Amino acid sequence: MEVRKRAGTSFTDGLRKLIIVITLVLELFISKGSSLQRFIVEPENTNAIQGSTIILKCTVSDRRGDVQWTKDKFALGIDRNLQWYPRYSMIGRDTQIGSGRKLGEYNLQIVDVELSDDAIYQCQVGATENVSGIRSKTAKLNILLPPDAPMIDGGPMLELVKGRPTNVSCRALNGKPASDVSWYINDERVRETYTRKITKEDGKRVDTIGIVTLNVTKSDAGKKIKCYVQNEAMTDPYFVSATIDVQFVPEVQMSLNSSEHVREHDFLRFSCSGLANPPTITWKWYKNGEQLLDENRNILDIPRVTRDDHGDVISCEGINDVGSTRRNYRLDVHYGPRFKGVPQHANVDLGDSVSLRCEADGNPTPSIIWTKKGSNHVLGSTPMFKINSVTKNDISVYICMATVSGFSEVSREIYLLQNGPPRIMSEGEQYASKGDTALVECLTYSAPLPQNILWIKNGKPINYASSGRFSASEEDLPFGRKSTLQILNLHEEDFGDFNCSVSNSYGQDIATIKLIEKVVPSLYKGGDKDVVPPLPYIIVVPPLPYVIGGLKDSIMLCYISVVPPLPYIIVVPPLPYIIGGVVGGIAVLFIIVLVCVLYHRYKSTDSNSVLGSYTDTDSSTENKKREKSDSPSTLMDQWRQDYNKDFYRYSADYEDVNYGKETKPPNNNSYGFIEPYQLNIYNQRQPGEDEYLSGNEVLETPDRYDTLHGYSSFRSTPVPDPNSRLPPANINATKLATNV
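With the numbering used here applied, the sequence shown corresponds to residues 110 to 849, in that order.
Wrong hints could be hidden among the right ones.
[Unchecked claim] Below are the DSSO-like pairs computed for lysine-lysine, each with C-alpha atoms no more than 30 Å apart in a straight line: (1) Lys495 with Lys591; (2) Lys501 with Lys482; (3) Lys495 with Lys482; (4) Lys627 with Lys591; (5) Lys623 with Lys591; (6) Lys313 with Lys249; (7) Lys481 with Lys569; (8) Lys335 with Lys309.
[Stated by the list, open to error] Restraint-style ranges between C-beta atoms, simulated for each label pair: (9) Pro388 with Arg196: 53 to 63 Å; (10) Tyr573 with Met493: 34 to 44 Å; (11) Ser514 with Tyr573: 52 to 62 Å; (12) Asp403 with Glu583: 32 to 42 Å; (13) Gly515 with Ile700: 50 to 60 Å; (14) Ser328 with Val220: 47 to 57 Å; (15) Glu538 with Ser580: 16 to 26 Å; (16) Glu399 with Phe376: 15 to 25 Å; (17) Arg466 with Asp421: 27 to 37 Å; (18) Ile700 with Glu538: 26 to 36 Å; (19) Arg466 with Phe376: 34 to 44 Å; (20) Arg372 with Asn485: 21 to 31 Å.
These are computed hints drawn from the structure, not numbers from a lab.
Fair warning: this is a prediction, and the values are worked out from it, not measured in the lab.
A virtual CB, placed ideally from N, CA and C, is assigned to each residue, including glycine.
Could you build the full structure based on these sequences and the hints that come with them?
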């Protein structure tokens, strides 16, 4: 507050003077006329606002010595004008109060006070020869300073992070005394605040720091926060304001282009979007926590999702100056069933227990069904199928089927084999050409697997190391093992008999396999070389691939196929031969078609005549049928008889069993083999030497692998098949010899 000197004489001043006069008169009477200098009025502590004028009072009676003021014990001078201090002066007047006595006013006046005037003052009267000096009590002049204009740290736009408690400071510096600080948000007082006061080096001024802790939300964005400061030097408070800018990390939303279940091989597109302040967002993508360095858009494409992606975690991260937010998506890829590992075939003794395992992977988890091959009866529905006390009927091939809803089912064959001695099932005669690489194969049915397969030539085991041209390899099969003897650069002396000896813990078997030189006939001479002319067309009869025509009780078949050129050098004859060959081929085809049509008409006429004209008795009819069946009176019967001649029986005309393994290039093996179908073969009766099976006895092997041989090619006589099966339709796959 500003102290001002009042002008004129008021009633109060007059009363004060009257009291002083009375006091002096009393003192005069008491002192009996003595004249001692003394203070009538002494200075008092005073507050003054910077820039104002103040007066420190000092009144002396019966002054004898000189009067002066001290500032912090430093004398200012005895002249009333205090010439060395332009803003300082001693003011007042002397008043006569009696005979020879006076009152003197020596008030210290300071104009335009400032902080340097803040000090301790004292009024002093000097001594004389007869009177001692006197000193007044001290007076503190306290200069009041308003603080500098307040300021909010970080203003005028106060950037605060959502959800992150932050201290906001308002500074009121250089005030005297310290300032009071108050906070308002949108004119609403904030009560929970804290104030720090720091005294300056001069020991007088004080810096005041008001602190408020704010934990803003998005709703606080744009609000005004005000800081008010005030001390005793101020009539009205100062204030400063700032606008709250609520900043927040990206609020990320992650979406997928598929609203349904993700299926294997689907195209997936992940999209991320976000709201943020600051609004600039940088995107990063992760797979299972590992950053995908080339992906920096807000879109991630997976062109073809696979089952290997199932369970993977795809993450997108949005980053701005405040921080980052990550969203995760765990892939749930639906995919069809797939078997784990290789088929686990089993072999067992009768009466023992056995467990067959079949595990499949899929999403959702596959359902497992066990059946026996050739039957639809469900035996089990768990990955493990257990059979207690195995019987002959249990020895079979089992089908394990795995299914997942919405996907194709898969199945595999699991062989349950009866333990017993091994059986060799290879063809007795196999073919190769001199100078080529021959592959002689020995196929065994063996449960358990063979302990040893030995190749013998001329009564001695083959020494592979010393021969240099012989080597053997083995391949495990579901029901046994195949050993392949390879002979490089086939010599004349390599042809002949090879013995294959197989043994396991239940016994052994041995078979002789004859390697025969394959010879291709010459049809005519061409210079110094035999030349095989092109064979444009060869007529064969495969089993029922195409039905050209037929009646209810008879079917007429007609087949045409072209055999690829034989593996020899073909010398192209002159153009007339080529033209003749083409014309001849066309003529042969025409004749074949004509024969088929005529035969079809003949059969139709014959059937009609039987139904409409014959009146034979049952016995005569039966005799005719018997005569007709016993003689090759039909083209089909003639074809069958011709086909069953040994001249046409090449072992490689039979295809191998598909073991579910990797397909290998065709080799030059020249045998067919028997896949066990009813696998309890060791306790069944086998045909002896020179013994034929009756028409009702069928060797228990798959029909399509029947070779008309026993299990060992050289211990049983070939058994003529009463049903005379036809060869496979794919004549192009036929192998006549074991060329590599």
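**Message:** Run through the hints listed earlier and report the numbers of any the structure violates, in increasing order.
**Reply:** 7, 12
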